[in-house]
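*Asks:* Same order as they appear, the protein sequences are chains A and B. Sequential numbering from 30 applies to the first sequence in my numbering. Sequential numbering from 786 applies to the second sequence in my numbering.
Quick caveat, the hints were computed from the structure, so don't treat them as lab data. Computed from a predicted structure; not experimentally measured. The C-beta atom is built at its ideal place from N, Cα and C for all residues, glycine as well. Accuracy of the hints is not assured; some may be wrong.
What the hints assert, rightly or not - Label pairs and their computed distance ranges (CB to CB):
1. A:Leu141 x B:Gly930: 22 to 30 angstroms
2. A:Glu347 x B:Gly930: 39 to 47 angstroms
3. B:Arg941 x A:Lys367: 29 to 37 angstroms
4. A:Asp174 x B:Ala808: 52 to 60 angstroms
5. A:Phe132 x B:Ala840: 32 to 40 angstroms
6. B:Arg941 x A:Glu96: 47 to 55 angstroms
7. A:Asp303 x B:Gly930: 37 to 45 angstroms
8. A:Gly197 x B:Arg821: 30 to 38 angstroms
9. A:Lys145 x B:Gly965: 31 to 39 angstroms
10. B:Gly902 x A:Thr349: 54 to 62 angstroms
11. B:Leu884 x A:Asp178: 54 to 62 angstroms
What the hints assert, rightly or not - Computed, partial: chain A to chain B, Cβ under 10 angstroms:
12. Ser107
13. Arg215
14. Tyr274
15. Pro276
16. Gln307
17. Tyr310
18. Gln329
19. Ser370
20. Gln372
21. Lys374
22. Ser383
23. Arg385
24. Trp386
25. Asp390
Okay, here's what each chain looks like letter by letter:
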Amino acid sequence: MKFVISSLLALLICAVIQPQALAEDAPATPAEPISNAAPAAASPALPAELRSKVKRAIDDGLRYLREAQADDGSWSDSVGVTALALRAYLESPRGYTEADGPFITRPIAYLLAHVKDDGSISETNHNRNYNTAVSITALAATGNDKFADSIANAQQFLAGLQLDDADGYERDHKYYGGIGYGGDERPDLSNMYMALEALKATDFDPDDPVWEKALVFVSRNQNNSETNDVEISVDDGGFSYMPNYSPHGGGESYGGMTSAGLLSLLFAGVDKTDPRVQAAYDWIRANYTLETNPNAKEGQGLFYYYNAFAKAMAAYGEPTVTDTDGKVHDWRRDLAEKLLSLQRKDGAWVNTISNRWWEGDPNLVTAWSIIALNHVYDS
Amino acid sequence: MTLRRLLDPLLAPCAAPLAVLAAALLLALPAALGHRTPIAAVLRAALRVAALALALAWLDGAGFQAGASAALAVGTLFLTVGAICLLAPPRAIAAVHALSLSALVALTLTPVWLAEGLASMRRTDGFIDGLVAMNPLTLLAAGTGVDYLRSEWFYRYSPIGSLRYDYPEALMLLSVWMAGVALLWVGVALRRAATRRHPKGRAFHIPQSNEAEIAP
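Based on the provided sequences and hints, a complete structural model is requested.
*Replies:* Dropping the structure here:
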């Protein structure tokens, strides 16, 4: 019996002892010049009255966030939400900067306090990609060169998450080139697009193999048999969450992911005339709506869709979308009016139907909505 | 390795401890419970099972801490079910064993069978984290840091991976489970003491055709 007990105790001790930290060989690559201009498109301006309402809605949203901010500068005890809220301020029409006070400098300090030795920026082990990606996007938006080292290390961390031959995934594997949450190996298009957006916003080397490998994975998430070499159950040109898998059922394409997929293609430098970009844009034309996240379960991922849609449309650069019935839509006006109609009296936005993907958190949803409106206003 | 290939890549690091645990609960535990001295037999079996889990985890490439943690998790879960069975009335041990295993599986699959409710929850503060903490897979995955709720399989059949949750700190989780196991085994020890004082009420009655030979 003593032997049994002492053996179990020995095992417990083994489990408790921290292993020697693995030596990191994070390359100390000098940071690329920082530039983080919000995508803009040449287009007719919003009507003056609506533009004024958009600006007021952004101000109201930022005021809500200011009141919801914790003393340490964070929002929702989350690096990711904090970074998004910070970005909402920095890219707003008022162009807030660090000089405006602690409500900007504290969240920056909060992000930097969560920088890990491996370059990641996260308060948790299982959202490292999202958190790191949105953090460096926000840090880059400050335009302050003193964050260059943190950004460069985080870029290497994000690039290191990509699955490739070194991880045992050969090119013909459906996961090849993908990036997941960062605490695991399973990649998805949402994480992929966040990482690519961050790398693009921080001027990551455009010749790095990361982009080409990313395109392999991104293309496999597109339900387009002409350009996708994995088996798909839908062939409509839109994008799903993982190759042939949607959380809304089967392998269906849906609005949030098609916007994310279109953005990913554009971030990776794919030309607008490329058949993948055209197929994605055609899907958006065929499913154009801002009443729902098209093809998603009721209310799910609605504000994620608005955010990704605004960025995708701004990056694509067309002021209007002509749907497949020939009707012309001014996407900025439609999105602005929709978001204005959904704003609460206290300035916040929140998904009142579904809590999935954290959309029950008004801090996150308000930040996403403001970033979407910033794109509407800036263009 | 076959199990590892069958599992989602995300769950693959848990393959060795999962395989050992399943075999131990289905084969080793009934044998130990049927032993002439079941308490000692269950404890010995737990040690062997933990050692096997440790060895396989190392062979599977797990690190030192992860292997030890997985071994402890396997041993703890084995001892939990073992203690529950030993506390059962003698003639109900087999039934309790089956029920315990069913409960373990049901607990593991809470994210799936609660999927509809989870998807429609407006506020999840604390509840989700509690659900995650109670899941035996969380204990198995704690040492490896595997985010099993985002595995393709769980993500496909449960919305939990898309909700906000945190895994409990590994050491804290292990401590709580081990404290629970310790309590159960105190109960087993008390029961054995009571049985010794009243031999006719022997707790560990395993019906056997040659009962006269194994009676004390």
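*Asks:* The structure should be examined with respect to each hint, and the outcome stated for every one.
*Replies:* Now the hints, each set against the structure:
1. As the Cβ distance of Leu141 of chain A to Gly930 of chain B is approximately 24 angstroms, the hint placing it in 22 to 30 angstroms holds.
2. Roughly 44 angstroms separates the CB atoms of Glu347 of chain A and Gly930 of chain B, a value that falls within the hinted 39 to 47 angstroms.
3. The supplied range of 29 to 37 angstroms is met by Arg941 of chain B and Lys367 of chain A, whose beta-carbon atoms lie about 31 angstroms from each other.
4. Our hint of 52 to 60 angstroms for Asp174 of chain A and Ala808 of chain B holds, since their Cβ atoms are close to 58 angstroms apart.
5. Remark: the range hint 32 to 40 angstroms for Phe132 of chain A to Ala840 of chain B is contradicted by a beta-carbon distance near 55 angstroms.
6. Between Arg941 of chain B and Glu96 of chain A, the C-beta spacing of about 39 angstroms breaks the proposed range 47 to 55 angstroms.
7. At about 39 angstroms, the beta-carbon gap between Asp303 of chain A and Gly930 of chain B stays in the expected band of 37 to 45 angstroms.
8. Distance hint check for Gly197 of chain A and Arg821 of chain B: the Cβ-Cβ separation is about 48 angstroms, which falls outside the suggested range of 30 to 38 angstroms.
9. For the hinted restraint 31 to 39 angstroms between Lys145 of chain A and Gly965 of chain B, the CB-CB distance of approximately 33 angstroms keeps it satisfied.
10. Between Gly902 of chain B and Thr349 of chain A the beta carbon distance is about 43 angstroms. The supplied range of 54 to 62 angstroms is therefore violated.
11. At roughly 57 angstroms, the beta carbons of Leu884 of chain B and Asp178 of chain A sit within the given window of 54 to 62 angstroms.
12. Interface restraint check: Ser107 of chain A against chain B, minimum CB-CB distance 8 angstroms, threshold 10 angstroms, status holds.
13. Checking Arg215 of chain A against chain B: minimum C-beta separation of about 5 angstroms stays under 10 angstroms; hint holds.
14. The criterion of a C-beta within 10 angstroms of any C-beta in chain B is met by Tyr274 of chain A, whose closest approach is roughly 7 angstroms, and the hint holds.
15. For Pro276 of chain A, the suggested interface contact is upheld, since its CB lies about 7 angstroms from the closest CB of chain B, less than 10 angstroms.
16. Here the hint on Gln307 of chain A is broken, as its CB sits about 30 angstroms from the closest CB of chain B, past 10 angstroms.
17. Among the interface hints, the one on Tyr310 of chain A is violated; its C-beta lies about 27 angstroms from the nearest C-beta in chain B, farther than the 10 angstroms criterion.
18. Given the 10 angstroms rule on beta carbons, the hint for Gln329 of chain A holds: about 8 angstroms separates it from the nearest Cβ of chain B.
19. At its closest, the beta carbon of Ser370 of chain A sits 21 angstroms from a beta carbon of chain B; the interface hint therefore is violated under the 10 angstroms criterion.
20. About 19 angstroms separates the beta-carbon of Gln372 of chain A from the nearest beta-carbon of chain B, more than 10 angstroms, and the hint is not met.
21. About 19 angstroms separates the beta-carbon of Lys374 of chain A from the nearest beta-carbon of chain B, more than 10 angstroms, and the hint is not met.
22. Hint status for Ser383 of chain A relative to chain B: holds, with the closest Cβ pair at about 7 angstroms, below 10 angstroms.
23. A hinted interface residue such as Arg385 of chain A counts as satisfied when its beta carbon comes closer than 10 angstroms to some beta carbon of chain B; here the least separation is about 5 angstroms, so the hint holds.
24. Contact between Trp386 of chain A and chain B, as hinted, is supported at the beta carbon level, the nearest pair being about 5 angstroms apart and thus within 10 angstroms.
25. Checking Asp390 of chain A against chain B by beta carbon gives a least distance of about 7 angstroms; that is within 10 angstroms, so the hint holds.
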